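Heads up: the sequence lines are chains A and B, in that order.
For the first sequence, position 102 (counting from the first letter as 1) is numbered 102 according to the numbering used here, and the numbering increases by one without interruption.
For the second sequence, position 428 (counting from the first letter as 1) is numbered 428 according to the numbering used here, and the numbering increases by one without interruption.
Note that these hints are calculated values from the structure, not bench results.
Just so you know, these numbers come straight off a predicted model, no measurement behind them.
Just so you know, not all the hints are guaranteed correct.
Distance condition first, Cα-Cα at most 35 Å in a straight line; then the derived DSBU-like pairs of lysine-lysine [unchecked claim]:
{"#": "1", "chain 1": "B", "residue 1": "59", "chain 2": "A", "residue 2": "333"}
{"#": "2", "chain 1": "A", "residue 1": "186", "chain 2": "B", "residue 2": "410"}
{"#": "3", "chain 1": "A", "residue 1": "320", "chain 2": "B", "residue 2": "410"}
{"#": "4", "chain 1": "A", "residue 1": "289", "chain 2": "B", "residue 2": "87"}
{"#": "5", "chain 1": "A", "residue 1": "320", "chain 2": "B", "residue 2": "100"}
{"#": "6", "chain 1": "A", "residue 1": "450", "chain 2": "B", "residue 2": "3"}
{"#": "7", "chain 1": "B", "residue 1": "92", "chain 2": "B", "residue 2": "168"}
{"#": "8", "chain 1": "A", "residue 1": "450", "chain 2": "B", "residue 2": "320"}
{"#": "9", "chain 1": "B", "residue 1": "450", "chain 2": "A", "residue 2": "358"}
{"#": "10", "chain 1": "B", "residue 1": "24", "chain 2": "A", "residue 2": "333"}
{"#": "11", "chain 1": "B", "residue 1": "59", "chain 2": "A", "residue 2": "358"}
{"#": "12", "chain 1": "B", "residue 1": "100", "chain 2": "A", "residue 2": "450"}
{"#": "13", "chain 1": "A", "residue 1": "358", "chain 2": "B", "residue 2": "320"}
{"#": "14", "chain 1": "A", "residue 1": "320", "chain 2": "B", "residue 2": "59"}
{"#": "15", "chain 1": "B", "residue 1": "410", "chain 2": "A", "residue 2": "450"}
{"#": "16", "chain 1": "A", "residue 1": "129", "chain 2": "B", "residue 2": "2"}
{"#": "17", "chain 1": "B", "residue 1": "24", "chain 2": "A", "residue 2": "450"}
{"#": "18", "chain 1": "A", "residue 1": "358", "chain 2": "B", "residue 2": "213"}
{"#": "19", "chain 1": "B", "residue 1": "100", "chain 2": "A", "residue 2": "358"}
{"#": "20", "chain 1": "B", "residue 1": "129", "chain 2": "B", "residue 2": "24"}
{"#": "21", "chain 1": "A", "residue 1": "333", "chain 2": "B", "residue 2": "333"}
{"#": "22", "chain 1": "A", "residue 1": "450", "chain 2": "B", "residue 2": "333"}
{"#": "23", "chain 1": "A", "residue 1": "3", "chain 2": "B", "residue 2": "358"}
{"#": "24", "chain 1": "B", "residue 1": "289", "chain 2": "A", "residue 2": "410"}
{"#": "25", "chain 1": "A", "residue 1": "59", "chain 2": "B", "residue 2": "358"}
{"#": "26", "chain 1": "A", "residue 1": "186", "chain 2": "B", "residue 2": "450"}
{"#": "27", "chain 1": "A", "residue 1": "100", "chain 2": "A", "residue 2": "168"}
{"#": "28", "chain 1": "A", "residue 1": "450", "chain 2": "B", "residue 2": "358"}
{"#": "29", "chain 1": "A", "residue 1": "333", "chain 2": "B", "residue 2": "410"}
{"#": "30", "chain 1": "A", "residue 1": "129", "chain 2": "A", "residue 2": "333"}
{"#": "31", "chain 1": "A", "residue 1": "2", "chain 2": "B", "residue 2": "450"}
{"#": "32", "chain 1": "A", "residue 1": "410", "chain 2": "B", "residue 2": "100"}
{"#": "33", "chain 1": "B", "residue 1": "333", "chain 2": "A", "residue 2": "199"}
2 protein chains.
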Amino acid sequence: MKKVDLLVIGGSAGGLLSATMVRKAYGEDLEITLIRETERVMVPCGIPYIYGTLRDLGKNVIPDALLTGANINLLIDRAVAIDREQKTVTTKGNEVIGYKKLIIATGSLPLIPTFIPGHDLDNIYPVMKNEEHLGKILRGLEQARDVAVIGGGFIGVEFAEQISRLEKNVTIVEAADSCLWQAFDKSYSDDIESRLRDKGITIMTGTRVKRIKGEQAVEALELEDGSSIPADMVILGLGVKPNSALARDCGLLVSDRGAVVVDQYMRTSDPDIFAVGDCAEKRCFFTGKNVPLLLASTAATEAKIAGSNAFHLRLIRANKGTISTFSAKIAGKTYAAAGLTETQARREGFCIMVGEFKTMDRHPATLPGAQEIYIKLIFSRCSGIILGAQISGGDSVGEMINILSLAIQKDTTATELNTFQAATHPLVSPSPIAYPINAAAMNALATNCKHLNEDLVI
Amino acid sequence: MKKVDLLVIGGSAGGLLSATMVRKAYGEDLEITLIRETERVMVPCGIPYIYGTLRDLGKNVIPDALLTGANINLLIDRAVAIDREQKTVTTKGNEVIGYKKLIIATGSLPLIPTFIPGHDLDNIYPVMKNEEHLGKILRGLEQARDVAVIGGGFIGVEFAEQISRLEKNVTIVEAADSCLWQAFDKSYSDDIESRLRDKGITIMTGTRVKRIKGEQAVEALELEDGSSIPADMVILGLGVKPNSALARDCGLLVSDRGAVVVDQYMRTSDPDIFAVGDCAEKRCFFTGKNVPLLLASTAATEAKIAGSNAFHLRLIRANKGTISTFSAKIAGKTYAAAGLTETQARREGFCIMVGEFKTMDRHPATLPGAQEIYIKLIFSRCSGIILGAQISGGDSVGEMINILSLAIQKDTTATELNTFQAATHPLVSPSPIAYPINAAAMNALATNCKHLNEDLVI
Chain A
1 MKKVDLLVIG
11 GSAGGLLSAT
21 MVRKAYGEDL
31 EITLIRETER
41 VMVPCGIPYI
51 YGTLRDLGKN
61 VIPDALLTGA
71 NINLLIDRAV
81 AIDREQKTVT
91 TKGNEVIGYK
101 KLIIATGSLP
111 LIPTFIPGHD
121 LDNIYPVMKN
131 EEHLGKILRG
141 LEQARDVAVI
151 GGGFIGVEFA
161 EQISRLEKNV
171 TIVEAADSCL
181 WQAFDKSYSD
191 DIESRLRDKG
201 ITIMTGTRVK
211 RIKGEQAVEA
221 LELEDGSSIP
231 ADMVILGLGV
241 KPNSALARDC
251 GLLVSDRGAV
261 VVDQYMRTSD
271 PDIFAVGDCA
281 EKRCFFTGKN
291 VPLLLASTAA
301 TEAKIAGSNA
311 FHLRLIRANK
321 GTISTFSAKI
331 AGKTYAAAGL
341 TETQARREGF
351 CIMVGEFKTM
361 DRHPATLPGA
371 QEIYIKLIFS
381 RCSGIILGAQ
391 ISGGDSVGEM
401 INILSLAIQK
411 DTTATELNTF
421 QAATHPLVSP
431 SPIAYPINAA
441 AMNALATNCK
451 HLNEDLVI
Chain B
1 MKKVDLLVIG
11 GSAGGLLSAT
21 MVRKAYGEDL
31 EITLIRETER
41 VMVPCGIPYI
51 YGTLRDLGKN
61 VIPDALLTGA
71 NINLLIDRAV
81 AIDREQKTVT
91 TKGNEVIGYK
101 KLIIATGSLP
111 LIPTFIPGHD
121 LDNIYPVMKN
131 EEHLGKILRG
141 LEQARDVAVI
151 GGGFIGVEFA
161 EQISRLEKNV
171 TIVEAADSCL
181 WQAFDKSYSD
191 DIESRLRDKG
201 ITIMTGTRVK
211 RIKGEQAVEA
221 LELEDGSSIP
231 ADMVILGLGV
241 KPNSALARDC
251 GLLVSDRGAV
261 VVDQYMRTSD
271 PDIFAVGDCA
281 EKRCFFTGKN
291 VPLLLASTAA
301 TEAKIAGSNA
311 FHLRLIRANK
321 GTISTFSAKI
331 AGKTYAAAGL
341 TETQARREGF
351 CIMVGEFKTM
361 DRHPATLPGA
371 QEIYIKLIFS
381 RCSGIILGAQ
391 ISGGDSVGEM
401 INILSLAIQK
411 DTTATELNTF
421 QAATHPLVSP
431 SPIAYPINAA
441 AMNALATNCK
451 HLNEDLVI
């Protein structure tokens, strides 16, 4: 039996980065093996862009150089059982590999709406991440004319936008009142929906699919409001659930949502086994509550924590919970969010103050390519600490949101963000006198100053 | 005599933002007047782009709507004296205005190399910020063929790059070994210089101008190394000095560098007078030392502090010093820096650890428009706290640097940046598994881990 120092199960963001982090943190002497099921691994966030922009599965592959460059053994196989007593993993190919430490990064599986009659007709595709399945969607799209997307989250919206470029009739059906309601307040969702409609996409919100109709293959969706949508292809974008069967089967603690329970060091209930990424339990940064927010960026953070802590605890209380930070370029405009929306913050019971600001992302605004930025910041009114941010604008919004991601992770206050020193340059950023983060923080504070001034004499 | 609650002298970033901040912080009842010398105010950072990209002074104006929208009285005049006893300001137009609080934002003046023989020949232009003077440069360029730029800082490099678009012969003369050596380590400066050379610009570093030759107008520069450069026009980019005469003349304390001395609340030695921006003393965030770093973004921060604190101290110990954060797009590529360079950190005596990383700014890298990002992070080895960052790449670098600007201002450590949760999206950012800030922090830590592992058994 082969025995390695570290065994990793899973080859996407979480598994890959766990393995390379262990190599960086613990040096060249360790033997590290990573098991994954497929010859090639798709870039998870790139999947929607296979269909409109890339048009080629081979252009959406995570390079194996990241593994081979770190001297990590790669085994293409499927892990089928973990023996915690013997500290071994058995594969479908009948290999048995011993480990000192094991990291489970088995990811997630798409939710299938088994409660909808007709969900198992032909030409209905969940979004699984393996190349073979994604190739079927690519080929399926060649025949399709009317594509319905069930679910208006990021996957649904991104697939819809990409498929609309192929001159198909595309309809999104979302049960909530807005697309992307988990990430954005209504002013942003409305803008996104309006841009998608401008691209010819039909959006139906506040209604559910009652039945999927068809003989062998899907022909139409029947909605709860009684209307019917023709569809010869359906994409399911209803979210994902942790893929935790392997962990549960070997007796590791699993939450009621099906996620592997982990501590702040990413250790499972077995101290020699870690779990990271979509298969692992997620806690909310703001409340400590269990949340079902599965993101590649969260997986990357967790992988680094697990990798650093695999043999000794080096990152102390490192997993402070997910702040939920997103960005997306939709129909040519970038939208991003970090932390709580105003709706979420109020629902949790925070007393808040909100600052908004609009400006141009070049200065002077007469420079070529200038686009409007719209920012909204949400703070705790009592402590001044930032709770959430939303921004829309040009491409630079993709990094501007990460200033706020860090601000949230460092408990930054509105006064600190008001006077935060930022680099600016005419050709790449807004003006220093109207830098959006400063200005929105200032606007949030101004609401409080009014109150302060009542007691003061100037 | 007219008397106002707040009087502001100076209409650029510092003055404008001080006035609007007071309005936001203290409400609608105050009477606020701003005095400035010119009908229109140029966007300071936009000045170089007048010459190649905008070709029109009118396109580089700070809109007065910012003032009028905040109900601030505007007086076009020149303040000539401050009477601290009477609390009045007298103008060239013989107005006398009383104030409760006064904010001085008189900016800076370009350094003139009076030690160089011939510095006063015709067609030699310092970079002053007023429209009339900048118009002379615009008209002067129409006649010029060989333009020499003395000084390879941001102003010099940006003017050179813009003027080179007009099919002129452009030469930069920089006394130090590299252009932009105050902001970047050599690997970045070399890259910038190479791109400028590709645009046809001649760069001469490590040499000084000994004499400027010509009859009435400039004809050539004679360098210390004996060589000679033909020049029918010269741009002086040698830096600026605080414009503090008005403050000094009324007896306010002024530093040996000529800057108005201020405390952490931006108060001068007179508690009813504040100073902000280029005319005010700057301290280094890392050492508390007096530094000559004059930036519009620093002015903006100081203006917000002065404005908030004008009538009551509201932002406590708010001016923590300048972190020096810059960005610039040069010949199509963006370069940015925050905090100390490696050279500066070593010279100050910090024990440091450095992490570098290169990756593409889209994921997968096959997406259209992907550009390489090169990042370098400098940390204190003992405390792990970030001291500096440099990044080059596409436009998004302009905001990515501000994540590090905030990290510096919040004393963030390498382990925190290694596991920092960042939003990423295929079309606007690098991959979550290779997010440059995370990865460079990880590489810095890896150098320390090797040392740690020597004592440990795995």
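Need the list of violated hint numbers for this structure, in ascending order. Hint check: 4, 5, 7, 9, 14, 16, 18, 22, 26, 27, 28 and 32 fail, others pass.
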